[in-house]
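A.B. asks: Top line first, the protein sequences correspond to chains A and B. Going left to right, the first sequence walks through residues 9 to 924 as our numbering numbers them. Going left to right, the second sequence walks through residues 9 to 924 as our numbering numbers them.
No lab work stands behind these hints, which were simulated from the structure alone. Warning: the hint list may mix true and false statements.
One copy or two, it doesn't matter: identical chains are merged, so the pair holds either way.
Think about it this way: if two alpha-carbon atoms lie no more than 30 Å apart in a straight line, the pair counts; the simulated DSBU-like pairs of lysine-lysine are [claimed, not checked]: (1) 699 / 826; (2) 826 / 797; (3) 248 / 797; (4) 859 / 838; (5) 465 / 137; (6) 699 / 675; (7) 383 / 916; (8) 740 / 321; (9) 863 / 797; (10) 632 / 163; (11) 867 / 137.
There are 2 protein chains.
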Amino acid sequence: MAKAKYVFLFGDRKAEGNAKMKNLLGGKGANLAEMNLIGVPVPPGFTITTEICTIYNEKGRDYAVDLIKEDVIKAVVHVENIMGMKFGDQENPLLVSVRSGARASMPGMMDTVLNLGLNDKAVEGIAKKSNNPRFAWDSYRRFVQMYGDVVLGMKPESKESQDPFEVIIEEIKDKRGIQLDTQLTAGDLKELVHLFKTAVKKQTGHSFPNDPWEQLWGAIMAVFDSWMNERAILYRKLNKIPEEWGTAVSVQAMVFGNMGDTSATGVAFTRDAATGENIFNGEYLINAQGEDVVAGIRTPQQITHEGSLRWAKLTNVSEHERVSKYPSLEETMPDVYKDLYDTQEKLEKHYRDMQDMEFTIQDGKLWLLQTRTGKRTGAAMVKIALDMLHENIVTKDEAIMRVEPGKLDELLHPVFDDEAIKNAKVVSKGLPASPGAATGQIVFYADDAEKWASAGKKVILVRIETSPEDLKGMNSAEGILTARGGMTSHAAVVARGMGKCCVSGAGSIKIDYKARSLKMDGNVYKEGDFISLNGSTGEVYDGMLKTVNPEMSGYFGKLMKLADKKAKLYVRTNADTPHDAQVARAFGAQGIGLCRTEHMFFGGHKIIAMREMILAENEEDRRKALEKLLPIQRNDFEGIFEAMKGLPVTVRLLDPPLHEFVPHDEKGQKEMADVMGISVEAIKAKVEELKEFNPMLGHRGCRLGNTYPEITETQTRAIIEAVLNLKKKKIKTYPEIMVPLTGNLVEMQMQEKIIRATVEKVFEERNDKIDYLVGTMIEVPRAALTADKIAKSAEFFSFGTNDLTQMTFGYSRDDAGKFLPVYIEKGILKNDPFQILDQEGVGQLVEMAVKKGRKTRKKIKLGICGEHGGEPSSIEFCHRAGLHYVSCSPYRVPIARLATAQAAIMNKRSWKKHNK
Amino acid sequence: MAKAKYVFLFGDRKAEGNAKMKNLLGGKGANLAEMNLIGVPVPPGFTITTEICTIYNEKGRDYAVDLIKEDVIKAVVHVENIMGMKFGDQENPLLVSVRSGARASMPGMMDTVLNLGLNDKAVEGIAKKSNNPRFAWDSYRRFVQMYGDVVLGMKPESKESQDPFEVIIEEIKDKRGIQLDTQLTAGDLKELVHLFKTAVKKQTGHSFPNDPWEQLWGAIMAVFDSWMNERAILYRKLNKIPEEWGTAVSVQAMVFGNMGDTSATGVAFTRDAATGENIFNGEYLINAQGEDVVAGIRTPQQITHEGSLRWAKLTNVSEHERVSKYPSLEETMPDVYKDLYDTQEKLEKHYRDMQDMEFTIQDGKLWLLQTRTGKRTGAAMVKIALDMLHENIVTKDEAIMRVEPGKLDELLHPVFDDEAIKNAKVVSKGLPASPGAATGQIVFYADDAEKWASAGKKVILVRIETSPEDLKGMNSAEGILTARGGMTSHAAVVARGMGKCCVSGAGSIKIDYKARSLKMDGNVYKEGDFISLNGSTGEVYDGMLKTVNPEMSGYFGKLMKLADKKAKLYVRTNADTPHDAQVARAFGAQGIGLCRTEHMFFGGHKIIAMREMILAENEEDRRKALEKLLPIQRNDFEGIFEAMKGLPVTVRLLDPPLHEFVPHDEKGQKEMADVMGISVEAIKAKVEELKEFNPMLGHRGCRLGNTYPEITETQTRAIIEAVLNLKKKKIKTYPEIMVPLTGNLVEMQMQEKIIRATVEKVFEERNDKIDYLVGTMIEVPRAALTADKIAKSAEFFSFGTNDLTQMTFGYSRDDAGKFLPVYIEKGILKNDPFQILDQEGVGQLVEMAVKKGRKTRKKIKLGICGEHGGEPSSIEFCHRAGLHYVSCSPYRVPIARLATAQAAIMNKRSWKKHNK
């Protein structure tokens with residue numbers, strides 16, 4: 009067997025890897041290789057594969073190092089040769105960066121070390137060669153600081169205490185009486201390096217390594233370690249990135265954006281990541297290194313002139329101030345700007361998607377350090393996909409595939425009500441970093457955001473700037489407001505990724521963390537006060553603002569139309585009320601896949617009649633109580649069928665155990681006793697009698713309808729009377745009566761018999777009739793196993809994957825909280841099976857039931873009405889399994905419509921095979 | 009299509025049917041045909057098929073009658089021709105009997121009408137022809153009485169009131185001053201007929217039918233109706249006879265055992281139904297009709313001389329009294345006896361099994377009315393099967409197949425302790441009608457027996473005689489004692505069928521139903537007093553007697569040896585204690601298939617340590633508590649492994665939710681708080697925290713072991729330390745560690761990892777080792793569906809069909825009581841799936857898991873440890889599915905051993921196929 013290749017070289021327009029090797033080289037490594045291949049200027053380097061990360065985690069450092077040691081030494085020589093420099097040399101030392109890069113982008117989650125290779129001797133060589141001692145010592149200072157943090161664990165002692173290196177810098181600045189880092193002299197920086205090293209020795213007990221090779225191996229392993237740090241794990245969990253993917257490590261020759269005023273560093277996007285507009289944009293900083301832009305410490309400048317003007321307007325910066333303090337790259341370095349512009353065009357054209365690039369300008373020369381598919385908001389994602397379709401860059405199929413269904417959710421979020429906005433008081437303005445409308449109570453710490461949110465409160469996280477530590481809190485917040493940082497700051501990038509509303513760089517606000525308050529527009533806002541954010545305009549409002557549902561128009565509407573043409577599955581909705589039915593219909597639902605009837609028994613006089621039914625000791629009394637419920641239900645059904653006129657509506661007969669309809673507390677029982685005119689003891693006895701050890705597996709579903717056939721009769725009558733009433737009003741309906749929890753043919757046949765007999769009776773009474781179907785849920789494993797038999801009676805199957813998942817796994821959804829999170833954390837389960845259909849287990853049953861059902865009844869109608877019906881990967885499965893429709897909650901309908909189209913595109917052939 | 013044949017003729021040594029047509033003609037009809045074919049004298053007649061019963065029940069009387077009317081008329085002519093008599097004739101009228109006969113024997117459960125065809129004119133014809141008016145009128149009287157009861161519904165008004173006809177008879181007897189029915193004159197009987205008819209008219213409003221055809225159709229339909237009467241339904245339920253089988257009706261020319269002293273009627277067995285001894289035996293009555301013998305009204309006489317002598321001895325009848333009052337048939341009618349003897353030999357030889365025959369002697373001529381495979385006790389069943397094997401009547405396979413596994417249960421019932429018997433006081437003696445030992449409290453009514461038994465009491469049902477109405481109560485009682493009736497009385501036959509201990513015809517006891525007391529041996533016993541019965545000797549003892557377990561010796565032992573040679577499956581036992589293990593081993597268990605460990609945590613200091621473990625807030629505290637449990641568990645394991653030395657023992661790791669180990673009542677919680685030294689509130693909070701909505705689907709099984717790995721570690725350590733301790737004592741053990749509730753490969757792998765790591769650690773500490781297996785229960789549907797994956801980690805599968813049934817059906821065993829009985833009653837389910845494995849649904853999962861498991865791991869060990877492992881039809885399924893062993897409770901082991909042999913015989917080929 010040939011030795012596996014773990015180290016891939018690139019540089020000088022050549023590369024051993026390419027863009028397709030993301031799994032092995034990570035996104036960054038693959039694209040660095042690819043950029044070389046297409047002639048984009050990239051500093052030379054090499055990538056250590058993700059396999060080594062996995063090996064490192066499994067077998068430890070020594071084993072991993074042994075595997076790659078020789079190749080890494082050779083690779084460094086390769087870089088030395090291209091750069092004409094030498095790693096660890098005293099005169100012409102090669103410095104390198106060490107960066108992480110996983111298969112999927114995880115911005116800011118893992119660690120990076122820059123300027124590696126510096127030591128007390130090399131720094132002198134650089135000072136001499138660059139004739140810029142301050143640059144040399146600043147680089148060294150940055151290296152020691154970064155290496156100390158990332159590799160040697162020099163972290164702040166607590167959340168509220170400062171970075172140990174920053175403390176030292178502040179002390180020096182105080183001593184010198186200066187305010188900006190740029191005011192530090194070479195001597196100051198030299199002193200800082202010394203102080204930093206002393207601090208390292210003191211805190212860690214070890215001297216800072218002077219050997220560049222020791223530095224290199226330390227940094228490589230630290231990057232691998234960062235794959236398993238807390239925030240990376242959380243990010244993966246949120247973004248469903250498997251742990252076993254691992255990260256690659258790219259080691260690359262350093263180029264410097266901090267070599268003086270002809271140097272700079274920046275981040276650019278080929279299109280607007282927030283709106284999707286086809287506008288080249290980005291931010292840069294002169295005389296800085298990459299992390300300065302992202303960290304939001306200095307206010308970055310715009311790359312394009314147009315962008316700069318717009319930014320100034322948004323942040324109330326005068327043209328004079330803008331030109332003097334924040335000029336665009338287009339203005340300061342027009343030639344480099346031209347190079348950058350051409351390069352971004354080349355990259356977008358090559359990759360056929362919006363790019364997010366990092367670049368450095370060293371002494372007037374442009375170097376690209378990274379390109380990747382740019383993260384974007386849901387709205388931008390839709391617009392870019394459709395624009396690229398119109399620009400003939402992508403095909404229709406590709407345009408559809410470019411939109412992540414889950415991200416559409418953002419577009420369905422409420423927006424501020426127009427009237428409310430007119431009267432709202434703007435108290436601050438920042439950058440429209442991530443669109444959306446958010447209203448909530450102010451909190452200043454990420455873990456408060458988490459706590460408050462889990463207590464049911466809506467919060468706005470307000471920070472001077474955010475860092476990866478804030479991730480959980482950001483995820484819990486409705487929106488994020490930062491005082492510092494641009495459109496590419498941590499807060500902005502992460503918020504867009506999460507689809508959270510974010511206003512960044514609202515420079516006018518003053519935050520006092522200790523007092524837990526902030527000053528805006530002259531007023532003090534305390535923790536807990538309400539504010540509202542408009543992430544699309546950057547405006548911050550006082551108090552709570554009313555929100556309304558978004559409209560399905562514009563780009564979104566176009567995308568949906570495109571999707572519907574491709575989709576093979578229909579999308580229905582789960583709706584129990586006319587209102588829900590209307591909302592879903594507006595979102596494009598093609599019918600109701602699940603109308604639960606139990607909700608019709610709650611509230612006011614309905615629950616009283618229901619309880620009379622439950623208390624009845626015999627069929628006669630039960631029938632009397634059901635008589636009272638009949639007109640109420642009929643009325644409810646009329647509303648729902650009317651809202652869905654012209655489309656099918658599947659009504660599920662009573663499903664929950666009767667225990668759910670009686671009060672379980674003393675007070676409720678007393679009230680019930682008073683209303684019913686019987687003793688509390690009788691109520692208690694009944695409640696006790698109805699109590700079950702495992703209600704999920706108890707007396708419910710069609711087990712109720714088969715032990716009390718009069719319930720099924722009454723519900724059937726209500727449905728059929730309702731649709732006949734509507735027929736008189738010329739309203740078309742397509743009723744489908746669904747039996748819940750069937751596990752056995754005879755069980756289903758008994759229900760069918762009751763239903764059909766009742767329907768015939770109503771038809772006769774009304775001297776009218778209508779087409780209808782009788783079918784069943786498939787939600788008990790046995791129903792799937794015996795679907796061939798059940799299909800003898802059922803005209804349709806609707807997979808109730810919620811219960812089917814519960815019973816197939818033996819997990820009670822209500823109780824799984826005790827072990828499910830642990831199971832996901834330990835990797836026993838890849839996903840929560842209640843969110844993402846378990847194709848391996850539950851899916852087998854679904855496929856089996858489809859096959860068996862069709863064998864008996866060729867044209868059997870097949871759908872899914874569990875919550876998986878709105879989840880893209882599950883929808884794709886449903887498509888492959890050959891179902892006819894999925895049904896999901898109203899707000900998931902557009903997501904499902906897109907997902908059905910994507911499923912059809914991904915499985916063009918398989919669907920045909922199934923359905924013929 | 010040819011018209012279906014619904015009526016089958018027989019008579020004069022010819023027949024349209026034969027013994028193989030039981031499904032269509034019922035057992036009786038098929039054998040009546042067969043007897044004709046082999047030359048046994050049988051009165052001619054015809055059989056209406058079971059199909060008509062089904063049609064009658066589905067489509068009603070008119071439809072059914074139309075189908076057979078013509079054929080029945082022709083069939084009556086056929087009988088008329090053979091008999092030379094005419095149905096409904098005034099001078100030479102043909103009388104017929106109308107009897108039920110289902111595929112399986114249901115003695116006394118359905119109705120019979122005799123002497124049909126009589127009316128006021130025909131009776132005169134018979135009187136004249138027979139020259140015996142008394143016989144004619146007695147027959148008429150019997151017919152009106154029986155027809156009135158069966159067809160016209162002349163029943164006693166209440167349970168305690170007398171039969172309306174018997175009341176009239178008593179009045180006449182009083183008036184005449186006579187005591188016996190036989191003392192009634194022809195005139196009396198004529199008057200009785202008149203009075204009976206008047207009573208019928210009064211009670212039913214209709215005149216008694218005079219038209220023989222009206223009588224015939226009424227009787228046929230009444231017999232069909234009796235298929236659906238309450239006691240027949242109950243009997244079918246008890247004996248698992250499907251309702252759709254239906255009953256046939258045989259109409260047969262009457263022959264008369266009541267034509268005077270040269271006539272008689274009787275019942276005979278080719279072997280002893282109680283003991284199985286190869287002794288021809290039976291009872292008869294001179295000048296009587298068949299029901300007189302069974303009803304137990306007159307004391308029947310023995311057929312053989314030897315039997316008569318034995319009977320006299322048992323019942324303390326002097327030889328003088330015996331000869332004068334109760335001579336044997338061998339003595340009274342030696343020629344007929346010879347015919348009967350030859351016939352029974354012929355029949356047993358022909359049918360190759362013990363026969364139960366009904367015969368009538370009319371005027372010195374023998375007629376056989378019925379032959380069928382004789383019901384017998386479990387002991388007799390075993391002995392007869394083995395005797396017939398030795399007599400070369402049956403093969404080994406047939407001998408094994410002849411024993412119903414369920415009946416072996418009787419042989420495993422306790423018998424009286426020898427010492428106890430020595431000191432016991434015999435208070436009465438009757439016939440040893442059905443063997444066994446029974447101790448209990450006296451009750452006099454069947455429904456009291458039911459009530460008391462359901463309240464947990466052991467009762468002896470004491471009746472003058474029993475009737476089919478007593479069926480439920482007999483089933484609830486420990487034993488039955490009757491004052492009247494012989495070895496073939498209702499009580500005796502039914503008790504033997506049920507495997508209940510019964511002493512019948514204990515003539516010395518005097519029962520006073522009203523006072524609810526009985527007099528025996530000069531003392532009065534009241535309801536609730538304790539007595540004991542020995543069904544093998546007929547002795548009745550005062551008070552309670554100590555019982556002991558039976559020995560596995562004699563015929564039983566031989567049968568087991570024979571079975572073991574045929575069986576392909578091993579039989580293991582479910583045992584949690586050394587005692588259970590020993591009992592099972594004595595019954596032939598080949599190891600433990602399921603040793604539950606949760607029982608080891610209850611009681612005394614064990615539960616305290618367990619609760620400390622549960623209350624622990626962190627791993628350290630949990631480990632401390634587990635440390636305390638370790639030696640206790642190790643000790644328990646040593647006991648069990650030692651009891652099963654040399655055989656495999658599967659130990660299941662902790663399975664139930666922790667909630668089961670904490671007290672749920674105030675008092676218990678207070679006690680726990682005191683013992684633990686913490687507040688009641690803390691206990692309550694923990695109990696509340698552990699509470700689950702659906703504990704069956706909650707935090708249990710390996711979900712415990714994966715969230716608290718230290719539990720798995722401790723249990724593993726206890727097991728391995730125990731077996732290593734035993735190894736030092738040269739005791740061989742084969743431990744198999746079983747993970748419960750696995751549903752996913754990774755879940756299993758994590759447990760395997762913990763187990764193997766712990767085992768290795770103990771091996772190292774002890775510097776010793778032993779072979780062991782790690783496997784899993786398959787009890788979650790998903791485990792079956794992904795068994796190919798799980799088998800990567802599991803070395804064996806044990807099907808936990810209890811939970812698998814719960815989850816596959818979605819039935820909570822604890823809650824199903826609300827609908828399962830209704831479901832079985834309504835025919836939605838044929839059986840309780842917790843008793844009899846649902847092969848259609850759950851079985852599919854088992855087969856799937858077997859196939860998938862073997863695909864991954866060719867030699868995977870496969871067994872079942874659910875309660876189905878002791879149920880014959882489920883065992884047969886396990887054999888077909890290709891398992892290696894079944895495991896059942898200790899007392900079911902012999903049953904399972906027999907069932908595994910039968911499974912092998914029934915599926916000789918399929919097993920080989922599976923296992924290659």
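A.B. asks: Hint by hint, say whether it matches the structure.
C.D. replies: Against the structure, the hints come out as follows:
For a Cα distance limit of 30 Å, the shortest separation of residue 699 from residue 826 qualifies both inside one copy, at 23 Å, and across copies, at 11 Å. For the identical chains of this complex, residue 826 and residue 797 are inter-copy neighbours only, at 25 Å across copies versus 37 Å inside a copy, given an alpha-carbon limit of 30 Å. In the homo-oligomer, the alpha carbons of residue 248 and residue 797 lie at most 30 Å apart only across protomers (23 Å), although the nearest pairing inside one protomer, at 39 Å, exceeds that limit. For a Cα distance limit of 30 Å, the shortest separation of residue 859 from residue 838 qualifies both inside one copy, at 27 Å, and across copies, at 26 Å.
With identical chains, the CA atoms of residue 465 and residue 137 are never at most 30 Å apart, being 58 Å at best within one copy and 105 Å at best between copies. In the homo-oligomer, the alpha carbons of residue 699 and residue 675 lie at most 30 Å apart both inside one protomer (18 Å) and across protomers (22 Å), since each shortest distance falls under that limit. Taking CA atoms no more than 30 Å apart as the test, residue 383 paired with residue 916 passes inside one copy only; the shortest distance there is 28 Å, against 66 Å between copies. In this assembly of identical chains, the alpha carbons of residue 740 and residue 321 never lie at most 30 Å apart, being 55 Å within a copy and 88 Å across copies at closest.
Taking identical chains as interchangeable, the C-alpha atoms of residue 863 and residue 797 lie at most 30 Å apart whether they share a chain (10 Å) or sit on different chains (28 Å). Taking the shortest Cα distances, residue 632 and residue 163 never come within 30 Å of each other, neither inside one copy (73 Å) nor across copies (35 Å). In the homo-oligomer, the alpha carbons of residue 867 and residue 137 never lie at most 30 Å apart, since the shortest distance is 81 Å inside one protomer and 73 Å across protomers.
Hints 5, 8, 10 and 11, counting from the list given before, are not met by this structure.
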